[in-house]
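Novice: So you can see what is in the structure, the chains are spelled out below.
Protein chains: 2
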Amino acid sequence: MENILSVIPLGGVQEIGLNMTVFEYNNDIIIVDAGLMFPEEDMLGVDFVIPDFSYILDNVEKIKGIVLTHGHEDHIGALPFLLKEISIPVYGTALTLGLVRSKLLEHNLENIELIPVKPRDVIKLGVFSVEFVRVTHSIVDGVGLGIQTPVGLVVHTGDFKLDPTPVDGQLMDLHKFTEYGEKGTLLLLSDSTNSEKGGFTFSEKEVLRIFENIFSSAPGRIIIATFASNIHRIQQAIDVAVKFNRKVIICGKSIVSNAQIALDLGYLRIPKNTWLRLEDLPTLKDNEAVIITTGSQGEPMSVLSRIAMDEHKEIKIREGDTVVLSARMIPGNERSIGRIINHLFRRGANVFYEKVSEVHVSGHASKEELKLMLNLVKPKYFMPIHGEYRHLVYHSILAKKLGIPKENIFILEDGDILEISDKEARKNGRVNSGRVFIDGKGVGDVKEMVLRDRLRLAHDGIVLILLSIEKLTGNIVSGPDIISRGFVFEDASQEVINDVKKLLTDTIKGLDKEVISDSSVLQAKLRSTLKKYLRETMDRRPMIMPIIFEV
Amino acid sequence: MENILSVIPLGGVQEIGLNMTVFEYNNDIIIVDAGLMFPEEDMLGVDFVIPDFSYILDNVEKIKGIVLTHGHEDHIGALPFLLKEISIPVYGTALTLGLVRSKLLEHNLENIELIPVKPRDVIKLGVFSVEFVRVTHSIVDGVGLGIQTPVGLVVHTGDFKLDPTPVDGQLMDLHKFTEYGEKGTLLLLSDSTNSEKGGFTFSEKEVLRIFENIFSSAPGRIIIATFASNIHRIQQAIDVAVKFNRKVIICGKSIVSNAQIALDLGYLRIPKNTWLRLEDLPTLKDNEAVIITTGSQGEPMSVLSRIAMDEHKEIKIREGDTVVLSARMIPGNERSIGRIINHLFRRGANVFYEKVSEVHVSGHASKEELKLMLNLVKPKYFMPIHGEYRHLVYHSILAKKLGIPKENIFILEDGDILEISDKEARKNGRVNSGRVFIDGKGVGDVKEMVLRDRLRLAHDGIVLILLSIEKLTGNIVSGPDIISRGFVFEDASQEVINDVKKLLTDTIKGLDKEVISDSSVLQAKLRSTLKKYLRETMDRRPMIMPIIFEV
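Line by line, the protein sequences give chains A and B. Numbered per my numbering, the first sequence spans residues 487 to 1037. Numbered per my numbering, the second sequence spans residues 487 to 1037.
Calculated directly from the structure, the hints in this document are not laboratory data. C-beta atoms are modelled at their ideal positions from N, C-alpha and C, and glycine is treated no differently. There could be a bad hint or two in this list.
[As the list claims (entries may be wrong)] Interface residues of chain B toward chain A, partial, derived using beta-carbon atoms under 8 Å: (1) 818; (2) 936; (3) 972; (4) 1007; (5) 1010.
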């Protein structure tokens, strides 16, 4: 449409993760973020999910650049897959680009134009000019965006909370958000992750106090598990370690890489001779060591999981060790995390975790902060982002309470187009959107049908019926034989299997030669016979595949 | 052992669910509870889990009876499977036996001796005498046990919390527990489920206040989802409905059955003309109806789930409806529950759930209540039960703080024997124990290998290589053909499959005739070739099954 701003979320609304939004005006497009999502429990075997980029690929000539709000996977994780398809400039703060750079190297992507920006920088991208505004969040160097468009100012918060005492001392730029409100904001897109929670989210500094309590009474080694990207948390662990005369060992590929990037860029402050290598661990007394690692979500291959299972070569838990899981238990992971905690206790460790100690604070704004943001920015239109449907609803309820009319609030779906002219705003039409599954080296080749099959296989396994038939006569040459995997026949008595064979043999004998010689009909017949039998006798529904060789 | 009391948990320690404990003295055995457990996420396709009963079956002649503490599935759910094997008398309170009876009928078990008891009743079972002691919990008619044994008194709390204002007015029998402490208790077994939680658990009555708030501002129909066994919660929903002039419709097989049992036994009080049938729903105005149902855990076949997906014939959500999920989100279920909440919001309902409203209180004692129990009963020995390892550890820490010596506290594993003589107590030896998987109509036929196969199938699917070979010459008659399920070949281009076929054909051509004529060697060869190829080109590891027909 002419002279109309289109705002199109390709991911990140009505879901957690996949954050990616397109802003389009005539012949200019900018993209904000390109995040991934971790698979849901029915996405069997899928490593992670990225948004469907086809709308972007169809409009390559319009793209002026991609702007990143911060370095979390749900905002930058899909970037390598996008940049494999198109080469566009990437704008972000120093740490964000540091994390992106290491990610692009893993994917052998070079010659990508990475353009560093600082808070309050303004860049011109076609008709848009984008101002970067410092926000506080659980990763350092995060920004929100003030996007000046021909129809008015759009404010995008990125992920944020209002931390009055951030670890790095870099306060949220409330003055800029206030200025936006004062001058007049057309549209606000704001983080809805914690919109169910009342009150204010605690400052990251609160964790320091808890760490100090734990350190002051820990007799042996201390192991702290957190997210690899949580530089603030790593900084606080290091600060407390120094205070209590302990050395720090960082363990795990991703967290070491992130810490090194943050250190090189000046976002992590570590006194000399404090960060030792894993090889140095045996030279330290137990009460001189802190190990910082990942695995707070119970990931089976993580360092923490291997420690808990006693499968880590260098780190063996002993009586007196303290383990701190300094992260939120992400829904869906509670059981794996619970198992790890049980194992650590069994090996003699004392374990601190979210349920029993305040070892974690959220990085997202709660209700009072969200209201403050709405009141500061005073947008005409409001679009809650970053959250499941219910989070967007709760955020909308807040906006309505603060006086934004219902018809000016837009809960979109991925792919919906929000069109804004200087007169009005409305949902109008959709673009291609969806989820692309990354499984091993495959991008998008796992489709719904494959997942449906995996679900069935997972539930009751597979049973093969092998049969060879003389094509001319319809006589059985060999079989029917039964092979199963993930089905109980593997452990069943020969008797049960003989019953099944007999059932199938009788079925074949009862059929016309004509039917037998048409192997697709014979297959259907065998499948339905066995299906019915297994359902009735065992209440089970495995996948059944008759395989017929014609001789 | 002679003149020694053996306490043997067959389930319920270091896990949630499966509660079952054996008490043995010379030639007498009594069993407390026989519970099931819901499957963990890697138990693919398993419906539920029961304890391995083999120790009981090996000692049938000693069994004097089974005593039930209350009617929850994790305490009575394995009973039908036990009673199919042996016929023993079952003791429990009226409601507990009511629930057991309907369960036994489902399993076509008749002629089981069900003996009702009342709180403060004492029954003699061999050398044991068992006294029933009223406790408060999230189901009515729960009891703890005072078991007099030849070596001393054993107190078993069952599941409990200290509810000072129970819905049915039936207070916990603190006087009896006090008497046990005064007279001297040898061993206490106590519920550890909530031992991580500080303070006191709220009274069930607190939910009433919340219900009243919700009812007072709900414009349309109200749907309350809870556990089918939570008679207290159903009672409170009914009480508030009556207060607000609404009629009640109970919807769902298990909850209707439980409510009917409770009503018949006098545990549920419903004024006349209050409980209507589902068919009456259309005759009610929206603000006259309350629907009580199940599905609070997001179970896909439940009424609530079908309502959320708009697949329920009689109940369609409309703007103004209110849905209350009045239950805990059990770890592992958060995502399914979250999906249902999102769907309900999308259809226009206002939804209340644990995270945003106090619509549920726990049925288990928190730290202060657990300490009070320990202080009242003053046991010499202490065995925390009903909890994962970490819960048992936290409970032990409380006991130590209250002065019970470390060596008198026993954290057992399922199958461990705790031997108590009049002189000492110690762990000594083990009996057979374990988990038996119930899958469809199968009891125990799903073994670890089947589950491992299901996990592999779930992750990457299965690829079949079909080949027929002339036995004498080793020539290929037909194939190799490729069939896959849950693997990406189903959607892949013919090109990829042709590459694979060529690879396998070349492999076969490169082999000696001798190898080809030995089909197990040929199978291994084909499997390893394809495995390597798929790992290297696609980073995938499906199950590979070569199927060779020899002609």
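Novice: Hint validation: residue 972/B versus chain A, beta carbon distance must be below 8 Å. Holds or violated?
Specialist: Cβ of residue 972/B sits 4 Å from chain A, so the hint holds.
Novice: At a threshold of 8 Å, is the proposed contact between residue 1010/B and chain A supported by beta-carbon distances?
Specialist: At 16 Å from the nearest chain A Cβ, residue 1010/B fails the 8 Å test, so the hint is violated.
Novice: Next item in the hint list is residue 818/B. Is there a CB on chain A closer than 8 Å to its CB?
Specialist: 5 Å, holds
Novice: Taking 8 Å as the limit, does the beta-carbon of residue 936/B come near enough to a beta-carbon in chain A?
Specialist: Because about 6 Å separates residue 936/B from the closest Cβ in chain A, which is inside the 8 Å limit, the hint holds.
Novice: Identify whether the interface hint at residue 1007/B stands, where standing means a beta carbon of chain A within less than 8 Å of its own.
Specialist: Residue 1007/B check fails; min Cβ-Cβ to chain A is 18 Å, beyond 8 Å.
Hints 4, 5 from the earlier list are contradicted by this structure; the remaining hints agree with it.
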